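First to last, the protein sequences are chains A and B.
Numbering that gives the first Met the number 0 numbers the first residue of the first sequence as 0 and each following residue consecutively.
Numbering that gives the first Met the number 0 numbers the first residue of the second sequence as 0 and each following residue consecutively.
Rather than coming from a laboratory, the hints here were simulated on the basis of the structure.
Take every hint as true, because none was put in to throw you off.
Simulated coverage check for chain A against chain B, where a stretch passes if three residues somewhere in it have a Cβ under 8 Å from a Cβ of chain B: (1) 2-10; (2) 37-44; (3) 79-87.
In silico negatives: residues of chain B with every beta carbon more than 10 Å from chain A: (4) 57; (5) 62; (6) 327.
Every value quoted in this text rests on a predicted model; they were computed, and no experiment measured them.
Glycine included, every Cβ here is placed at the ideal spot set by N, Cα and C.
Here is how the chains run, residue by residue.
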Amino acid sequence: MAQQTILQKLEILADAAKYDASCASSGTAKKNSLGGKGIGSTEGMGICHAYAPDGRCISLFKILLTNHCVFDCHYCVNRKSSNVARARFTPQEVVDLTLAFYRRNYIEGLFLSSGIVKNSNHTMEQIVEVARILREEHDFRGYIHLKTIPEADAEIVHQAGLYADRVSINVELPTDSGLTRLAPDKDARQIEGAMGKVKADLAEAKDAHKRFKHAPRFAPAGQSTQMIVGADAATDADIVGKASRLYDNFRLRRVYYSAFSPIPDASAVLPLKRPPLIREHRLYQSDWLMRFYGYKPAEVMQATEADGNLPLDIDPKLAWALKFREQFPVDVNRSTKEQLLRVPGLGVKAVGKILASRRHRALRLDDVALLTQSITKVRPFICTVDWRPVMLTDRADLRSLLAPKAEQLELFAA
Amino acid sequence: MTALQHVRLGTYYVVNLPEPDDFDFWRERARALVQCDVPPDRIAWIEPGGSGDLFAHGERRMPVPPMDARPVRANRRFVSLAKNAILHSDPERFALLYRLLWRLQSNPRMMEDKADLDVRRVEELDKNVRRDSHKMHAFVRFRLVESEDEEEGEHYVAWFEPEHHILRANAGFFMRRFSNMRWSILTPRGSLHWDGETMAEGPPAERHDAPGGDPMEDLWRTYYASIFNPARLKIGAMLKEMPKKYWKNMPEASLIPDLIAGAQGREASMVEKGALEFEERPDTLAAIDKAIHACRKCPIGALDNTAVMGEGPQDAALMIVGEQPGDNEDMQGRPFVGPAGQLLDVHLEKAGIDRRAAYLTNAVKHFKYVQRGKRRLHQNPGAKEIDTCRWWIESERAIVQPKLVLAMGASAARGLLGKTVSISKVRGTPIPLEDGSELWVTAHPSYLLRLEGPAREEQARLFDADLAAVKARLAELAG
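Just chain A, same shape as in the assembly:
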């Protein structure tokens, strides 16, 4: 085979990396390149340098070191038995591309992952080598996210954390049986064990940093993971349960969901139909409810329908409100923050504005309309000085009144 050019390799290895959902570059320690030898800064807020027509943000240079892989995970385009074109970057090539892109302000940093070549340790060492060259030889101070390999030695994974802003290990599938079936070479215990180790490293480094100013930082943006949705039989309730256990047990910053999407040269074990993209969206909304709106996992599960899945036509917050109508209407002038956060259509910001404004005036419906995105959505669930939703919460057809029109849904549908 003729030698591949950098451009050809980039095409193959970026294509292979696109199934990783995360591109976040936020929430890390603040740093800049003043007084250094290189370039790069992170100032807290993530920056999306471009958006692709799939609506996803391009913040990091997301690439695989290689898509050769000795594993045979059925949902993965790079599995051993797949016939995709293969390519392999040297660590130096990835470093050069990262710096060239960064200098032109295309990216916030690097998100590096890899297929497993030779063995897990060798692969992990190569990944760490890229980060080492960037940090030590080029004094690069931008964002680095390294995917770690659960089967690799803890010592090498620890090295990764010392160079990276964030490390992640994919749990891949929400159930152990799904993992056994679709990722026969992976082991759920091992994945969770590696996450536990990273959690311990994070805690230790944080503690050391409090006591010694120059203690080495360990992945200041924490760890995250990704689950594939719709490749196995797990319901939304299973997924929400799994995510909340992961948040609790491993202090994850984020659990990403990736709707299983058709991959070239797919395995025959995969399901016939891919899940609608809106399902992934509903799961993210439920994730938000748990992280920012004070919903317990059990409460999110209450919003699921008989089949254990969240409704697709309405968002989980509205679904919950329709099931627990006795909790409404909520008086915007008197209710607590927690109660206001349960009102469909009121976001965290709107609730903050209501709480601040009501100290100055008794809020009328028009006032609330100024503070929210859509008063029509909110109206059935609140009272103001001049408004009470008469009988509205008892109406059987409330769901159909509030659900978006079917034509709109088509935009998201597969």
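Got chain A; can you put chain B on it based on the hints?
Quick look at chain B alone, frame taken from chain A:
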């Protein structure tokens, strides 16, 4: 005449701002005017280039606050909003800020009232400016200019068109990020130049002052096109965050129309090439039999051969799975009728297993071969072919529901497990399957046929031992 007399007489003040984004200048003037009790509707704020004709007769000298004037009150929230809002391109911003400052004197907590129209407006200006700054951090694209002077080194130049007066306010961001790089940002409102040590401001520039391209942009465009997943087109989400007005200065944006146009086609071809569109799972053995004859999901199905269906009782407790039909099986359309099948019969009988009570089938339903003259030589099926055919063996298992599955050979084991295992490592111990049944793995009888002498005796002994264990386990399961 004192300042206060001016005000009483209805003097109209005109304040000319030296720069459109000079917050300190505005703050100083505003403070004095508040102290002199000049109401908001008596001041015209004019930025450079703004029209001041209407106020030709206005008073341009600032009033002098009385010695005993009260200090002007402004809380932190107001100041932080005002610093941003003053960068907005709305000519009314100075007057709005003054009106807020004026009202704050009598109602110090006014900024909390989010339903107040002035408060809402200033928050809106602040939000617009923050967004514009954020988009500048994101969408500025530097291009490398090779300098003729070796000493100077590389110079990176960007052309950007901000909506508001945000250039100077964002100099720090680019300085902190690219401190060891020589760069310039050119805009229609002014320019910034950093040489690695000092920041210099320059006059407004035009697009052609900036370089027209950079070789690295080809790689960047390749990346942009490759990272995009055509299976999930969400144009609205993209436009919301990257409105078209920014596209003209972003090298990758020229690809967008083609990527969208090609997306549907690309997804369709991805699905066609990749995902196998199986219909509903057949629910009778006869339906499977019919379907496998039509199956062309892998290249084996396209060879000149006939699908061979499994055979045996539909309620068999034991399912025996081989690799694929051979030459004889293909001709006769029945499993295990060739030499390997005959050898299997001998060993089954020896172990006391009734072949007629078992369901016999293969991991792959068609015969894979290469033609050598008149002979068809057996070929091992590939991993992908076995995985493709798993659909059928799973369908058979769902109907027959055996308590125990015996996989003979690595191909059969892969058909059941989805991964390749080593026979010598897994033989002799059951592997639980998802549906509660158990899998035993042994060698394929054709392996015995290929051996001779002591090696064959040894393998035959192991094969018998496996069959005996299966027989014993079946008795246990039945009991």
